[in-house]
Amino acid sequence: MRAPLFRGHGWKWLLCAPALTVLLLAASGPLLIVLVYSFLSPGNMGGVVWEFSTEGWFRVFFRRDIFEPDLVTWNQAHLAVFWRSIWLSLQTTLICAFLGFPTAWFIATRPPSTRTVWLFLITIPFWTNLLIRTFAIQEVIRNNGTINTVLMRLGVIDSPIQMMFTDFAVLLGMAYVFLPLMVLPLYAAMEKMDFRLVEAGYDLYASRLMVLWHVILPQVKPGFIAGSILVFIPAIGAYVTPRVLGGGRTMMLGNLIALQFGQGRNWPLGAALAMLMLVVVVGALVLYLRAVNRMEGARRG
Amino acid sequence: MDARVQDTTVKGEIDITGVNKVFGQGAAAFHALTDIDLSIATGEFFTLLGPSGCGKTTLLRVIAGFEQPSSGSLRINGAEVAGLGPNRRPVNTVFQSYALFPHMTVAQNIGFGLKMLGKPRREIEATAAEMLRLVRMEALAERRPAELSGGQQQRVALARALAPRPRVLLLDEPLSALDLKLRKEMQSELKRLQTETGITFVFVTHDQEEALTMSDRVAVMSAGRILQMGRPTEIYNAPVNRFVADFIGETNFLVLPVAQTEGDAAHLTLPGGKRAQALLPDGMLPVTGADVTAVIRPEQATIVEPDAGDMTATVDSAVFFGTDTHLHLTLSDGQPFVLRRQNRPGQQPPEPGTALGLSLAPGALRVLED
Ligand SMILES: Nc1ncnc2c1ncn2[C@@H]1O[C@H](COP(=O)(O)OP(=O)(O)OP(=O)(O)O)[C@@H](O)[C@H]1O
Ligand SMILES: [Mg+2]
Numbered sequence: 415m416r417a418p419l420f421r422g423h424g425w426k427w428l429l430c431a432p433a434l435t436v437l438l439l440a441a442s443g444p445l446l447i448v449l450v451y452s453f454l455s456p457g458n459m460g461g462v463v464w465e466f467s468t469e470g471w472f473r474v475f476f477r478r479d480i481f482e483p484d485l486v487t488w489n490q491a492h493l494a495v496f497w498r499s500i501w502l503s504l505q506t507t508l509i510c511a512f513l514g515f516p517t518a519w520f521i522a523t524r525p526p527s528t529r530t531v532w533l534f535l536i537t538i539p540f541w542t543n544l545l546i547r548t549f550a551i552q553e554v555i556r557n558n559g560t561i562n563t564v565l566m567r568l569g570v571i572d573s574p575i576q577m578m579f580t581d582f583a584v585l586l587g588m589a590y591v592f593l594p595l596m597v598l599p600l601y602a603a604m605e606k607m608d609f610r611l612v613e614a615g616y617d618l619y620a621s622r623l624m625v626l627w628h629v630i631l632p633q634v635k636p637g638f639i640a641g642s643i644l645v646f647i648p649a650i651g652a653y654v655t656p657r658v659l660g661g662g663r664t665m666m667l668g669n670l671i672a673l674q675f676g677q678g679r680n681w682p683l684g685a686a687l688a689m690l691m692l693v694v695v696v697g698a699l700v701l702y703l704r705a706v707n708r709m710e711g712a713r714r715g
Numbered sequence: 130m131d132a133r134v135q136d137t138t139v140k141g142e143i144d145i146t147g148v149n150k151v152f153g154q155g156a157a158a159f160h161a162l163t164d165i166d167l168s169i170a171t172g173e174f175f176t177l178l179g180p181s182g183c184g185k186t187t188l189l190r191v192i193a194g195f196e197q198p199s200s201g202s203l204r205i206n207g208a209e210v211a212g213l214g215p216n217r218r219p220v221n222t223v224f225q226s227y228a229l230f231p232h233m234t235v236a237q238n239i240g241f242g243l244k245m246l247g248k249p250r251r252e253i254e255a256t257a258a259e260m261l262r263l264v265r266m267e268a269l270a271e272r273r274p275a276e277l278s279g280g281q282q283q284r285v286a287l288a289r290a291l292a293p294r295p296r297v298l299l300l301d302e303p304l305s306a307l308d309l310k311l312r313k314e315m316q317s318e319l320k321r322l323q324t325e326t327g328i329t330f331v332f333v334t335h336d337q338e339e340a341l342t343m344s345d346r347v348a349v350m351s352a353g354r355i356l357q358m359g360r361p362t363e364i365y366n367a368p369v370n371r372f373v374a375d376f377i378g379e380t381n382f383l384v385l386p387v388a389q390t391e392g393d394a395a396h397l398t399l400p401g402g403k404r405a406q407a408l409l410p411d412g413m414l415p416v417t418g419a420d421v422t423a424v425i426r427p428e429q430a431t432i433v434e435p436d437a438g439d440m441t442a443t444v445d446s447a448v449f450f451g452t453d454t455h456l457h458l459t460l461s462d463g464q465p466f467v468l469r470r471q472n473r474p475g476q477q478p479p480e481p482g483t484a485l486g487l488s489l490a491p492g493a494l495r496v497l498e499d
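Residue numbers (the numbering used here), protein chains in the order written: chain G, 415 to 715; chain Z, 130 to 499.
Simulated from the structure, these hints should not be mistaken for laboratory data. Among the hints, erroneous ones may be present.
For the chain G half of the interface with chain Z, some residues (derived, Cβ under 7 angstroms), not all of them [what the hints assert, rightly or not]:
id, residue
1, ASP484
2, LEU545
3, ASP572
4, ARG610
5, ALA614
6, TYR616
7, TYR619
8, ALA620
9, MET624
10, LEU626
11, PRO632
Here are the computed distance ranges between Cβ atoms for each label pair [what the hints assert, rightly or not]:
id, chain 1, residue 1, chain 2, residue 2, range
12, Z, HIS160, G, ARG610, 53 to 59 angstroms
13, Z, HIS160, G, LEU631, 55 to 61 angstroms
14, Z, GLY247, G, PHE609, 21 to 27 angstroms
15, G, SER442, Z, SER181, 45 to 51 angstroms
16, Z, GLU338, G, LYS635, 42 to 48 angstroms
17, G, LEU446, Z, SER226, 50 to 56 angstroms
18, G, PHE609, Z, SER181, 20 to 26 angstroms
19, Z, ALA258, G, PHE609, 27 to 33 angstroms
20, Z, SER226, G, LEU623, 56 to 62 angstroms
21, Z, SER226, G, SER442, 20 to 26 angstroms
Cut-off 20 angstroms, straight-line C-alpha distance, at most; resulting in silico cross-link-like pairs (SDA-like, lysine to any residue) [unchecked claim]:
id, chain 1, residue 1, chain 2, residue 2
22, Z, LYS310, Z, LYS320
23, G, LYS606, G, HIS628
24, G, LYS635, G, PHE609
25, G, LYS635, Z, PRO274
26, Z, LYS244, G, ARG622
27, Z, LYS244, G, ARG547
28, Z, LYS320, Z, ARG360
29, Z, LYS248, G, VAL625
30, Z, LYS244, Z, VAL210
31, Z, LYS310, Z, SER461
32, G, LYS635, Z, ARG273
33, G, LYS635, G, ALA698
34, Z, LYS313, Z, HIS335
35, Z, LYS244, G, VAL625
36, Z, LYS244, Z, MET233
37, Z, LYS244, G, VAL612
38, Z, LYS244, G, PRO632
39, G, LYS635, Z, GLN237
40, Z, LYS248, G, TRP627
Glycine residues also receive a C-beta, built at the ideal position from the N, C-alpha and C atoms.
Same shape as in the complex, but just chain Z (with noise of 0.2 angstroms):
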């Protein structure tokens, strides 16, 4: 499974090279999509992630044949499917909206594609009280969508696009209309029954958690482009940019001078005077003395007694969040430096005004690249 997941060129199920997508013409042309590439191993679970309006549905889109690409070539299963339309291809959705068909019942929603293939009648049948069961909605086969709960209407709209068996499962933002509790169910449900079935799965979103903790591989997209694409882990410890380091997760921004670099580490020069080694990305050399932008998660400082760590800083304030506690800081040269830190029983937040000292984990400080 993980030589699957490391090795992206790998011809797989889904092979997108050089996809662009450009809505209307001339002075109106709109971009959105721009040098797609991307391969989607069979069976993996693999997101899109991005904010609104950055193309996710397009692409979704392109895949599935609703749209055809400006340029650029798609194959399928090692197929190209330039100009098939979507009923010619072995993909199916599960739309954001759902759309079922209101005038069908569950059962009959969730056999449309096995009709419209021509399958007998029995066969059908038997397929869909299957799905029934996978997706835990047999007693409800004879009702109308109208008359089910938002999360039954997805679990029918997931055995929908099930019950023809696709090579290839589209889902876009399919949990985003549910509320926190079902949409964690719906989560693991999702998970379930991508191993269970061994189909493939792209999955859109734009909550950056969800991608995490389902995606064997996470696409970042931003303004129609793919920033960077990797495993959950690779994505959030490494993020390749500003963009990406912001969007993922919360990040802190500290911007260091440069003291010395060797190989692919700098040492930069903290706040107060100490120094701390930071990875560089591929490629980069900074100059000695010039400032860098470097990033740190909040959750890889720790707090030990001042002067004894990397940095000083004073406490502005603490948030409670239940598990942790976030600590708004400033640094000694005047940054803001955002600190998580686990709680335990009887342990109260510092007050502000707080002196402290921050101990960085080795290996914690990224430079990036902008």
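Next comes chain G alone, as it looks inside the complex (with noise of 0.2 angstroms):
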């Protein structure tokens, strides 16, 4: 019985070669040509010059005087810009998961027949361009939006909240655009929860609290861990929101990268930005993933 099966072994990895093709140059392809351009010479209308430099990665964290080019800086702007965007995005996660936690526990608790319902009011927002969910938003909450004209209207303020162009506004659009990514992965894993545990928990004396805390945050964990990875990863690396909402002062990460490719000209930083957000995003998963395990394994003793 055995031997067939080794012997198929020899070509069967030929089956996968076009999806090993595709991945190849789709994934890894792209991200080389972003490695190696951190490694070269901004041209002078943008673009590269051939010719190897350490230059991107070296102004990423520092700055050179500009009449003493031998003194150097730490580069403030930057490492604001850091950490700004993994501030903002670690706020988003918890602000979304805050959020998202009663909203998947209502749709997980509705009759089975009416939660489809539910979970198709929470992915209407997918259904329209993000640009337009993020200046609907931005007509909310600028000077003359909605709610400082209804404010005003009632007396209740004389001049307009500034909200536009500052953290609150970035999170706020950042939170709405990412809190359905936390209710799905959430209510996928109360619906798998088994309720009756609940119930074993109220007889055994728990208070409603104990009961979620001891009970269901247990059984939900692997939803929020799921929600915290699809919120934190595409938060770090946003664009649109910080872009409309948080104008030029509230940079993040994806903006001070667009900055480099556009008005900047210079490709090798952006380049290297890139790659040092890669990193920190990877880097972030796995410090989670292994505080998790940890957790998990001191529990388990």
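Could you use the hints to bring the two separately framed chains together as a complex?
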């Protein structure tokens, strides 16, 4: 029985060859180009000059004084953008988790026939272009937008509240855009959840809060993990939302990279920044999954 | 012990009066429980027995606090518990599905109730160890539920529900997922635990044999009502109606004319013309000559020479059951009759077509209400 299987092994992988080729070209190819570009010199009108240089990577972290090129300082502007990107993405993930949990819970506890309707409603925003959804938010929060107009008419405030071009605006936009990505995996985890365990918890003298903490959360944890990854990764690379709602003042990594390929005309710097973002994302993912596994391992003892 | 079992009017551990449970409203309303009255004594092994969908689980859930009764009152240890959630009742449940927490070890599962009650850690650990000993699972304390067999999970569920020392333990068909051998084992295990802990057990099953062998008292339910409540022997020997007689054990239903009534007994005319005395249910006074339904258990008739007994019958078939043989017979008036005879070494079952005499045990024949 085993021999033919073994003999088969020699050529079977060939069947995967087309898929592997596409993967190689579509995923690794562009990545490789970006990596190579990050070690070249910038061209005058954008593009790259084929001349090896580490200046792109150097400028990611440091800056040279214009008049004294030997005077090297940390590139505070870039570091601020890194920090803001990570911080805003973390906050977005947390906000989505806090809003997503009750939403997913609500859907998961509806009768099965109506659940599909709620899920459908959750996915409706996906059908609309991201740019349009972002402009819709802008319409709500800009100085003479819906909220400010209503509040001023009602006499609650005298002058408009500045919401556009703040971290708040970016957070609002990102939370709105990414919320379904948290709700769906959470819902999937809750749907699989055994609600009889909730009853068992109540039966064993647990209060509502204790049941949530000791019975429900451990069971929907895989949903939280998947949701956090799905929200955090696109959030850290977000471009449209910070561009429209944050303007030039609250730039995120995505905008900084785009700037280098556009007005900045420094493709190697942009490429190095892009690679850095990849490292940050993969690093965060590895740390996160390790932490989760360690917690799991500790409990297993 | 017997006094407690017999006197059902004594106020006990659980007192249920006039409880109704209606699911849904209007035209879709469904009466899952109708006028349930029952009182369970402290330390009693009480069983709810009935076919699927008769409301056993619903009644258990009402006692546990997962469902609120639509009307009626429910007292546990004398205190009205209406409106109290399951976490505020001194009652624990062993769920049919076990419902063990998959992310906790066996020991953590068992300690959960005490932890929620805010007991100190040392006490929790000591009690968990004691419970593990009680259900003979010491070696598996650090396993997860997924790493246990069905019978082991069942024991953990039992230990978890017993650990907080509830006044009452509710068990919803806890053995139905187990195979026959394990099931027998767990039956005696359960009985042992109940005697050792002295906790009141309310046990749900649809297996009549399980109910008869384990219980101090049994309530037979059908379509949301309690039809009969009593000791297993009472239920078996004196079923109040056709449903109970049919549901508990095997029984023969004979339609026979009344020859004469006197007091709480009647003389019925058997096929072939002989008469036999039959017990009448309370308050029933059948007219002489009218047909009534009488029941007799298959083991309460014995084979005698033809013409020597109360009735004559011919053998249709014989089915061998190991300890005994079931003889399917036809009485002289054409009614079917099943007889159970204990097997003895060297005894051959009678050939089909053989004519037999049947002798009925005195007091075995009972008239049913229906
Ligand atoms: N939440 C509910 N809503 C509507 N009807 C219900 C609900 N729960 C139970 N019922 C109905 O009440 C009746 C009794 O159900 P219950 O679960 O108590 O039966 P059971 O005796 O435990 O049966 P089984 O032996 O199959 O477990 C059933 O007809 C069931 O359909
Ligand atoms: Mg049930």
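Range hint compliance [Cβ, ALA258 of chain Z to PHE609 of chain G, 27 to 33 angstroms]
holds, 31 angstroms
Against chain Z, with CB atoms and a cut of 7 angstroms, does the hint on ALA614 of chain G hold up?
holds, 4 angstroms
Is the Cα-Cα distance between LYS244 of chain Z and MET233 of chain Z 20 angstroms or less?
holds, 13 angstroms
Checking hints one by one. Is MET624 of chain G an interface residue toward chain Z, by the C-beta closer than 7 angstroms rule?
This interface hint holds because 6 angstroms falls under the 7 angstroms limit.
Honestly, do LEU446 of chain G and SER226 of chain Z meet the 50 to 56 angstroms range at C-beta?
Distance hint for LEU446 of chain G, SER226 of chain Z holds at roughly 53 angstroms.
Given a hint of 45 to 51 angstroms, does the C-beta separation of SER442 of chain G and SER181 of chain Z actually sit inside it?
violated, 60 angstroms
Taking the beta carbons of GLY247 of chain Z and PHE609 of chain G, is their distance inside 21 to 27 angstroms?
holds, 25 angstroms
Holds or violated: LYS244 of chain Z and VAL210 of chain Z, Cα atoms, limit 20 angstroms.
violated, 23 angstroms
Taking 7 angstroms as the limit, does the beta-carbon of ASP484 of chain G come near enough to a beta-carbon in chain Z?
violated, 59 angstroms
Do the numbers back the hint for PRO632 of chain G, that is, is its least Cβ distance to chain Z under 7 angstroms?
holds, 4 angstroms
Is LYS244 of chain Z within 20 angstroms of PRO632 of chain G, Cα to Cα?
Since the Cα atoms of LYS244 of chain Z and PRO632 of chain G sit roughly 17 angstroms apart, the hinted pair holds (cutoff 20 angstroms).
Satisfaction of hint between ARG622 of chain G and LYS244 of chain Z, Cα-Cα up to 20 angstroms
This hinted pair holds, its Cα atoms lying about 15 angstroms apart.
The structure does not agree with the numbered hints 1, 2, 3, 10, 12, 13, 15, 20, 21, 27, 30 and 31 stated previously, though it agrees with the rest.
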